[in-house]
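K.L.:
Single-letter residue listing:
6 protein chains.
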Amino acid sequence: MPTIQISILEGRTLEQKRQLVKGITEVVVNTCNAKPEKVTIYINEIKKENSAKAGILRSDR
Amino acid sequence: MPTIQISILEGRTLEQKRQLVKGITEVVVNTCNAKPEKVTIYINEIKKENSAKAGILRSDR
Amino acid sequence: MPTIQISILEGRTLEQKRQLVKGITEVVVNTCNAKPEKVTIYINEIKKENSAKAGILRSDR
Amino acid sequence: MPTIQISILEGRTLEQKRQLVKGITEVVVNTCNAKPEKVTIYINEIKKENSAKAGILRSDR
Amino acid sequence: MPTIQISILEGRTLEQKRQLVKGITEVVVNTCNAKPEKVTIYINEIKKENSAKAGILRSDR
Amino acid sequence: MPTIQISILEGRTLEQKRQLVKGITEVVVNTCNAKPEKVTIYINEIKKENSAKAGILRSDR
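Chains as they are written, first to last, in my numbering: chain A, 6 to 66; chain B, 6 to 66; chain C, 6 to 66; chain D, 6 to 66; chain E, 6 to 66; chain F, 6 to 66.
Among the clues, some could well be false.
A pair holds if it fits inside one copy or across any two, identical chains being indistinguishable in the list.
Restricting the straight-line Cα-Cα distance to at most 25 Å, the calculated cross-link-like pairs of lysine-lysine (BS3-like) are [claimed, not checked]:
id	residue 1	residue 2
1	K40	K53
2	K52	K27
3	K53	K43
4	K40	K27
5	K43	K27
6	K40	K52
7	K58	K27
8	K58	K43
9	K40	K58
The hints are simulated quantities; they were obtained by calculation from the structure and are not laboratory data.
Can you build the whole structure from these sequences, using the hints too?
P.N.:
Structure below.
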């Protein structure tokens, strides 16, 4: 705790994920007084055909 | 917002997903006064060996 | 299975929730060949101060 | 209901998953008076590069 | 990691929750070779009017 | 999309939440090339009696 889950379209590079979790952890530590080693993050990569907005799959846009 | 996550066994066709997100978005718009472009849907496809009911994996049934 | 989770701002009436789950279940049954009694829905009501878009809490908009 | 979601690093064997869902279902049935056939479990397998602790991806440790 | 989320109808006693998390942690440790202190559990209590099966709110049954 | 869910013990102030969502949105925008108005965040506040580590409820520690 805290646990953060990020749902994002697939296709981010390893370096982007690296910066993403580093940055988010810093924000959580600084704003919520959490210890860094308590911050767990899961990245949930979503395929375009498994995500929709306004009733239309992203793979159809 | 609203955000809808659907956990479902893998194996639906693209056309089924298309009708699924179209229909759900219409229901949310009609019953909750949400604007269509605010409705986000994620489909979470589950393998049979990663789902269980009554203590038994679906891949074992 | 299928399991659907809906995150939505708090404040919907009981009748809205009733129509919401009825409609979504029908869509899932019709598009995914699921039996109605297999469709589980959770409504996750969110306070405005616990939801943000573009970096701003909805309670601050 | 109850619905249990388990986020765990990928790499468990089928037999481990089998024992995991069997054991968790027994616990839920025994402690919460739930009927076994009402207990649904989803295993969410996570890649090392999609999980982080203390701001560092598990694939970087 | 592992992180377990349990969605369950509200109304369990503190003692039931105590036994629930104790038992589930033991199962995860024994079947997945996880260290106990790595096992995080969240209980997500659901109101009857926020859960539905077969298209009907549990508060309406 | 992206959608971020943060599970955290209850008790953060409004100002902490404000800084939390502002900071996380900036990180996501900067590392993943997402537009700010596409970043949705949900804060999931957890009671101590609904969270456990190492098999023990946080309210019992």
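K.L.:
Hint by hint, say whether it matches the structure.
P.N.:
Structure-based check of each hint:
no.	hint	result
1	K40 with K53	between (35 Å within a copy, 17 Å between copies)
2	K52 with K27	both (24 Å within a copy, 17 Å between copies)
3	K53 with K43	between (32 Å within a copy, 15 Å between copies)
4	K40 with K27	both (13 Å within a copy, 20 Å between copies)
5	K43 with K27	both (13 Å within a copy, 20 Å between copies)
6	K40 with K52	between (33 Å within a copy, 19 Å between copies)
7	K58 with K27	between (29 Å within a copy, 9 Å between copies)
8	K58 with K43	between (33 Å within a copy, 7 Å between copies)
9	K40 with K58	between (36 Å within a copy, 11 Å between copies)
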